[in-house]
Amino acid sequence: MADVVLKSLTKKYGNHVVVDHLNLAIKEGEFVTLLGPSGCGKTTLLRMIAGLEKVDGGEIVIGGKRYTALPAQKRNLAMVFQSYALFPHMSIRNNIIFGLRLKRIAPIKIEQKLTWIVNMLHLKGLEDRLPKQVSGGQRQRVALARALVLDPDVLLLDEPLSNLDAALRETAIEELKNIHRKVGKTIIYVTHNQIEAMTMSERIALLNNGIIEQYETPKQLYDHPATMFTAEFIGSPPMNFFTGEISIEGRTAGVKTSIGFLRLNKDRSRRIISMAGRKVTVGIRPHNIYYVEHVAQRRYTDANIELVIELVENMGDRSLIVGKSSGGTLVRFMVTREEEFLPGRTMHVFIDGRSLHLFDPLLKLNIFGQDGTI
Amino acid sequence: MKFVRRYAQLTPMASSKRIIWVMGVLLAILTVLGPVYLLVKYSISDGASINTGGRPIPFWPLHPTLSVYGYLFSDRHFYTVLGNSLIIALLTVACSMLLGVPAAYILGRYKIPGRRLVLLGIISVRLFPDIASVIPIVEFFIFIGAHQTYWGVILSHTLLALPYVIFIGMGAFETIPQELEDQASVMGANRFQTFYSVLLPLAVPGLAAAAIYTFLLSWDEFIFIYFLTFGRQEMFTLTLYLNGLKYAEPQNLLAATSVCLSIPVIAFSMVVQRYMVAGISSGSIK
Ligand SMILES: Nc1ncnc2c1ncn2[C@@H]1O[C@H](COP(=O)(O)OP(=O)(O)O)[C@@H](O)[C@H]1O
Ligand SMILES: [Mg+2]
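Sequence lines, in order, name chains E and V. Take any residue in the first sequence, note its place counting from 1, add 17, and you have its number in the numbering used here. Take any residue in the second sequence, note its place counting from 1, add 5, and you have its number in the numbering used here.
Keep in mind the hints are simulated off the structure, nothing from the lab. Values in this document were obtained by computation on a predicted structure and should not be read as measured data. It cannot be assumed that every hint is accurate.
Said to hold, decoys possible - Simulated restraints, written as ranges between beta carbons of each label pair:
1) Gln150(E) - Ile24(V): 53 to 59 Å
2) Gly119(V) - Arg198(E): 51 to 57 Å
3) Ala183(E) - Val41(V): 55 to 61 Å
4) Arg198(E) - Lys116(V): 53 to 59 Å
5) Leu87(E) - Lys116(V): 20 to 26 Å
6) Lys116(V) - Asp334(E): 53 to 59 Å
7) Leu132(V) - Ala183(E): 26 to 32 Å
8) Val130(V) - Leu87(E): 40 to 46 Å
What the hints assert, rightly or not - Sample of chain E residues lacking proximity to chain V, with all beta carbon distances greater than 10 Å (derived):
9) Ser25
10) Ala123
11) Thr269
12) His365
As the list claims (entries may be wrong) - With a Cα cut of at most 25 Å, we get these calculated SDA-like pairs of lysine to any residue:
13) Lys24(E) - Pro54(E)
14) Lys236(E) - Ser372(E)
15) Lys116(V) - Ser100(E)
16) Lys120(E) - Lys116(V)
17) Lys120(E) - Asn195(V)
Each residue gets a CB set at the ideal place from its N, CA and C atoms; glycine is no exception.
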């Protein structure tokens, strides 16, 4: 077990900078996810840590030791590839003990470790089969077993669940969390799936074009997006964005947008009152827009908007509604399914001023910084 | 035939098209099996079924007999020849693989500078017809003392086979997913260990194909061995033995020798082919 520090790490393919002066510190025993859209450099970064990709600049320090130029086979790491990369000509047993044999561990010890890992990952009875003779979920567990049995300093996982169907993925997420709790290994997990990232990780490093947009706990990332990219990427259904201008109405500041004046909570209102006239992009999560049947019941008075329903999408226990404001702007929000909503109906929604996220439209950064909202 | 009919029914095709398709298949089968039939038929024919004195040659021998095989197998020289063929072919396979597999591995898995030039050089060896290159090569072999020696013959066959071994082997190594090699490295394997326990076993189907090809190449090679042995009977292989029989009458002896030349080829191909199908590297990715 060890901590991982990446200092100004850089990787180029020709002129294309894939990982750009990236800094990241992972604590010993921490479960960190590298999250980001396809092609943002997650796999490349993981392969650099594993020693499979030449480093073009910066340092990799693991457990206090400089790993930057150390060949892959000398690093005590383990990696699970997206494809699992099981050796097709070897039985499950030989796949699992391949690394132990290379380390010249005594056969009795190898058998003990094999028994331990096979039991932990429910692979008993499959030892003599070939990879092609077991199911996708089992292959995924073999890949994990093969990595864990080596007792690595750091476990690197590259989208290990992306080839599983939804139900299997849920179980696998639970299992991975359990394993992390049991063995307490430092885990670097790569995924483009925010649900996996949000449910499993202690911290998420959100990657975009080879740089880290934000490195925070899942809750912080969701509640306090530091950049517009984070705000767009995290959360489902995605955040609404409206362009507007900071203005003052009455004695509080807010944002004048095409759907109306959106008042900020008092605390933050005070902080932007001097910025009146400045152009901003305001973001609101669909979950933070409330529909209340009777105006008398309303709890949030910061903004009161009239919308005509355009589209209703069933999302299980709740529905996503796309409404159109009188100015023609589309707004996404959620309702419970106790009532039936049909397109064409007019409804009133309310927005809590505390849940507004304000971004600079050019810099794409949160105006309040990371501690900005709520 | 039944299979052909059934398959033709399964495929959705217009009936006229289907007839053409079936006839095409039948023609293909005839092309493949026709010569085999003729060879086998002649080898078990009695003299009267070959020299019919003007009457048409029967479809099946009038009095089928294995006597010509009996004659062949009682000839001591035939065993020497058979042994020569086998030893030369097997040692050619061994030499070609020993030299070709490492080259194929390097060329297939590393982006070494000048790779294209090396590949071009390797192909260029086979750009000349054998008959054009045989004289200078034999001259050279005489110069280095390899003329009329077994190792000279094996060397010449290895020269002929190497480009194929390298190209087929390179294809076999190239198609192995990079991630398997990466996985082995991360698990602590050095290059040799990765080669030996991951890449080589997975390349075996392709390498087996190269080995068959090399065996066949040596087994029925004629031109080089003709010039390199130059009349030394005790070094003759089956092809040279066959050459000596070309004017012998009746042709049943010629046919029987040809059958002997073909049988190991067919057997060897079938054995290794089964292995090739079984070894296809499925299950590594997904
Ligand atoms: N071997 C390579 N040569 C050139 N470009 C590459 C190579 N590997 C990856 N890339 C590029 O680097 C970028 C990041 O790739 P990758 O790390 O695989 O992204 P991710 O895993 O986040 O989807 C992509 O734009 C990809 O095209
Ligand atoms: Mg990837």
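Going down the list of hints, with the structure as the test:
no. : hint                              : in the structure
1   : Gln150(E) - Ile24(V): 53 to 59 Å  : violated, 43 Å
2   : Gly119(V) - Arg198(E): 51 to 57 Å : holds, 53 Å
3   : Ala183(E) - Val41(V): 55 to 61 Å  : holds, 56 Å
4   : Arg198(E) - Lys116(V): 53 to 59 Å : violated, 43 Å
5   : Leu87(E) - Lys116(V): 20 to 26 Å  : holds, 22 Å
6   : Lys116(V) - Asp334(E): 53 to 59 Å : holds, 54 Å
7   : Leu132(V) - Ala183(E): 26 to 32 Å : violated, 57 Å
8   : Val130(V) - Leu87(E): 40 to 46 Å  : holds, 42 Å
9   : Ser25                             : holds, 24 Å
10  : Ala123                            : holds, 16 Å
11  : Thr269                            : holds, 57 Å
12  : His365                            : holds, 51 Å
13  : Lys24(E) - Pro54(E)               : holds, 23 Å
14  : Lys236(E) - Ser372(E)             : holds, 14 Å
15  : Lys116(V) - Ser100(E)             : holds, 23 Å
16  : Lys120(E) - Lys116(V)             : violated, 29 Å
17  : Lys120(E) - Asn195(V)             : holds, 11 Å
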